[in-house]
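K.L.:
Residue strings, one per chain:
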Amino acid sequence: MKLQNIALSNLRRRKGRTMFLLLTFLVVVGTSVTLNAISLGLKQDLDAKLSSLGANIVISAKSEHLALSYGGLSVPGVTYDVQKLSASALDKLKQVSRPEDITAIAPAVIGAASGDKRKYVLAGVDFPAELKMKTWWKVDGSLPQGDEAVIGSGLAVRDKIGPGDSLRLNGKSVKISGVLEQTGGSEDMVVFSPIELVRRLTGLKDSFTLIEVNAKDPENMAAELAKLLPGAKVTPVTQLVEGATESVNRFTRFALMVSILLAVVGTMVVVVTLSGNVNDRTRELGIFRAIGFRQRHILSILFTEVLLISVTGGLGGYLLGITAPVVFGPLLAQSTVVQSGLAAAQGRAAAGQAMGFAWYPWLGLGSVLTACIVGLLAITYPAWRAVKLDPAEALRFI
Amino acid sequence: MSLIEINDVHKVYKGGEGEVHALRGVSLKVEEGEFLAMMGPSGSGKSTLLSVMGALNPPTSGSMLIDGIDVYALDSERRADFRHEYIGFVFQQFQLVPYLTALENVMLPLAISRYPDKEQREMAKNVLEKVGLGEKCLRLPNQLSGGEQNRVAIARAIVNQPPIVFADEPTGSLDTQTGQDILTLFQALNREGLTIIMVTHNKENLDWVQRAVFIRDGSLEKSESYGPRMAQEG
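Respectively, the protein sequence lines represent chains A and B.
In this text, residue positions in the first sequence follow this note's numbering: the first is 1, and each later residue adds one.
In this text, residue positions in the second sequence follow this note's numbering: the first is 1, and each later residue adds one.
No lab work stands behind these hints: they were computed from the structure.
Glycine included, C-beta positions come from ideal geometry on N, C-alpha and C.
You may find that some hints are simply not true.
[Stated by the list, open to error] Per the computed footprint, the stretches of chain A lying under chain B, defined by three or more beta-carbons under 8 Å from a beta-carbon of chain B, are:
no., stretch
1, 6-17
2, 197-206
3, 281-291
[Claimed, not checked] Only part of the chain B face toward chain A is listed, based on derived beta-carbon distances under 7 Å:
no., residue
4, Ile69
5, Phe89
6, Gln95
7, Leu100
8, Ala111
Please construct the entire structure, taking both the sequences and the accompanying hints into account.
P.N.:
Right under this line is the structure:
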């Protein structure tokens, strides 16, 4: 028999106490890992989406906005002096000092058209350019040609229409060639057609509503484009996601604070429980000392016990923690990133994909190490008392 | 030279109610292979003397030599090594570790020895066979009767073959027949050369020992030697 066997036997046969300590570690580590995994997931998703957006600069028509307030109550303001983004803007994009830095351009015309029963949002896009930027777009059916359109999935469900059906838009019949798979964004309720068709249907001739640009060094490129297009509003996408970044940062700080709080409370619970355990084992430790166990033998037993629980609890908590975001992540993602506007800007946003299962090995290592440190800190004082125990006193000879 | 020599040992406890003089100038010699009983009423100091002789409880003054070694001149860690090598204990209420099986309890002293696991297991099994518990070696203490627990405690005390065993009221909580069985076992072990020092307050137990010392108020009152006793004759 080795000293480790004594520790193992104690844990195995004192199931109630072992389970209580394990549960403490599972809850504390699990909750901390869940929060931090969600935070990391949101950050990574934000970074991934930013890098995979295709567009990192959005050029739109300039307008002025007047915010309105009545007695301190804000109401939707008024947009005025709306300028047009002329079709010639596309040519001006090629006049930048380093045109090779622009890797993709996707212009769009957005307008409204009346159907038989309701109005529809029309988006005229250059499909090859659009699909290059929005790689997550998947069309069930075929891409539209001529007077055809692709509709968002929400629209297809609401109006019970699909590929092969037709829509009457401003009195003209438009055949539906495909349905855009659900993105979770505003695209789900939009009718997408080639730019020329939308221009004909809406009368928005010789202008674009917005131009999405993918460029290297978007901040500097946006500044240069702003000079070239004085009548346009040129916005680097990073500015658009400031709200999302702030939300994620705020959540990260919250996760960190809760983790610290849990670690403190968890440490206290473990300290009290382990102290009680050692107190209850005074006689047993006295027997060990009486039959010749050295102090290091006693320490070895106590530390083995606490390390076994800490490692198991830390590992279990980590596994629990990285699994939980798969369940709870989408809810959090919708309440942070999606509402920030990023999701609306990029379609299939964090909601579904952000909280996919991920291992986060450093988080795992950190969890197990922290659990071990907490366990070792918690056992230090009871262990010190245990080794200082007078065997005669422990066995009540005194 | 005697195996154990105690010279003018005093033990004073300091508590909230002042000093308690538990041992008052006790001197005693125990020879190798002796089966000695320490008799006395409750509170007479016999358990304190046992703990002092067992290298567990340093005396306030006086000296104690075991096999010529001044035990209390050793630091606490070396004294633990000394106990491991020289002394086996059978505690009052047996004091088995509740979460270890009978076999594991007996293996406890071997857990800090140089013996490999397989050999430890063999040694423990042999000793359990010797005390008549070979069949029940995988039971937990709470699955054993008082007498059986006592036998496990005895097996644990002798498994690493110490020259001395101290037993504190080993029959105190047992019925008469089981108590006699335990004393017979002690006697058999003593015949094999083991020195046994037993604390008891039961005069009937003196039928099994070679000598008894009587303690009252922390002092040795008298020492009585007996010839070969009835069980030995039997």
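K.L.:
Each of the hints needs a verdict: does it hold here or not?
P.N.:
So, going through the hints one by one against the coordinates:
no. : hint    : result
1   : 6-17    : holds (count 6)
2   : 197-206 : violated (count 0)
3   : 281-291 : holds (count 7)
4   : Ile69   : 15 Å, violated
5   : Phe89   : 5 Å, holds
6   : Gln95   : 5 Å, holds
7   : Leu100  : 6 Å, holds
8   : Ala111  : 5 Å, holds
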